[in-house]
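My request is simple: use the sequences and hints to build the entire structure.
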Amino acid sequence: MSARSSLWNTAKKCVTIGLIGVTVKDRYVSIAAVRGGSMSPSLNPVTDEVSGSRVSTFDDYVLVEKFCLGRYRFSHGDVVIFTSPTNHKERHIKRIIGLPGDWVGISHIDDVMRVPEGHCWVEGDNLLSSLDSRSLGPIPLGLIRGRVTHVVWPPSRIGRVKREIRQPTVPSY
Amino acid sequence: MALRNIGLWAVEGFELAFSLAKFCCCIHVTGSYAMGPSMLPTIDLNGNVIIVERASVWLQKVSRGDMVVLTSPEDPNKQVIKRIVGMEGESVTYLIKPGESDECQTIVVPKGRVWVQGDNIHDSRDSRVFGAIPYGLVHGKLFWRVWPASRFGSMCNV
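Chains as they are written, first to last, in the UniProt record's numbering: chain A, 1 to 173; chain B, 1 to 158.
Fair warning: there could be bad hints in the mix.
[Said to hold, decoys possible] Simulated pairs of lysine-lysine, DSSO-like, Cα-Cα distance not exceeding 30 Å:
#: 1; chain 1: A; residue 1: K25; chain 2: A; residue 2: K66
#: 2; chain 1: A; residue 1: K25; chain 2: B; residue 2: K78
#: 3; chain 1: A; residue 1: K66; chain 2: A; residue 2: K12
#: 4; chain 1: B; residue 1: K97; chain 2: A; residue 2: K25
#: 5; chain 1: B; residue 1: K111; chain 2: A; residue 2: K66
#: 6; chain 1: A; residue 1: K12; chain 2: A; residue 2: K25
#: 7; chain 1: B; residue 1: K97; chain 2: A; residue 2: K89
#: 8; chain 1: A; residue 1: K25; chain 2: A; residue 2: K162
#: 9; chain 1: B; residue 1: K111; chain 2: A; residue 2: K13
[To be verified] Covered stretches of chain A (in silico footprint by chain B; criterion: 3 or more residues with CB under 8 Å from a CB of chain B, positions within the stretch not fixed):
#: 10; stretch: 27 to 36
#: 11; stretch: 86 to 98
#: 12; stretch: 101 to 115
It should be emphasised that the hints constitute simulated quantities derived from the structure, not laboratory data. The beta-carbon is built from N, C-alpha and C at its ideal position, and this holds for glycine as well.
Following this line, the structure appears as structure tokens:
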């Protein structure tokens, strides 16, 4: 009898922890691993951009804040994590270069494009090896899952992820 | 003695706060949305209460014919309810200008995206306007209508 009730208590505790964990992860803050060198040198810096060989053998872990998802108000240069528009199970970390209404230059076809309402233009810091809006197109803001604020691992790289404004975008008038 | 009372009172207060937090977390897992005319006559404008579940979306058990809640690709602050008319890889045929002409267009839904339309095709901003949407924008599946009582029942095959 007492074994069953203790099992029931454990089950109740698991559900409670699960509920609280999901809520905190969805609404406040979570930790994410950075894979790949597309955001070098800000995240996962590489020594050689062509070969992609990394400075450190360990991937960066970053703090992702979810408060920005209340109003979806982002600034140029924010590093965000978003679900891929071609595969909802994948997440990418890139920097916002263009906000709705901005004109962005697409260099490989020498053209400019206006970022539609409700979308943003993202690019990696390491343009040589980054899968971003240059191939995926503008990303709907609804796919963004959080903003990257700090690196929390490895200890030598703990610090703020800075907002960097990059020139190629023509601001909207 | 007084210290012990304070201790008990603190524990009780903490347990109350904890229960309140649990309740708020349950609310987080549910939600409420305002309706427009795009899903008439399935969902009318008179304050329907429908239970939305998120498990099907997470387990990818949604398919053509399901009504889903999604974040609008035109405004991330807006949640809209539409019906899935085509999953990735399926081909969708739709009237370009319903009511004015019979001209149709057929497209194949790209990978990772779904084609959504409102039931009221004459007054609905959906994939015919903004294209197939990424599956990551879909948040919940309409499961059971609770109010009005005359239309109480499952939202599948409706």
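Hints versus structure:
1. A:K25 x A:K66: Judged against 30 Å, a Cα distance of about 8 Å means the pair holds.
2. A:K25 x B:K78: 21 Å, holds
3. A:K66 x A:K12: Distance of about 27 Å is within 30 Å: holds.
4. B:K97 x A:K25: 43 Å, violated
5. B:K111 x A:K66: 28 Å, holds
6. A:K12 x A:K25: 20 Å, holds
7. B:K97 x A:K89: 35 Å, violated
8. A:K25 x A:K162: At roughly 23 Å apart (the allowed maximum being 30 Å), K162 of chain A and K25 of chain A satisfy the hint.
9. B:K111 x A:K13: It is violated: about 40 Å lies between the C-alpha atoms, which goes past 30 Å.
10. 27 to 36: violated (count 1)
11. 86 to 98: This one holds; 3 residues, not fewer than the three required, reach chain B with a Cβ under 8 Å.
12. 101 to 115: violated (count 0)
Violated hints, listed in ascending order, are 4, 7, 9, 10, 12; each of the other numbered hints is respected by the structure.
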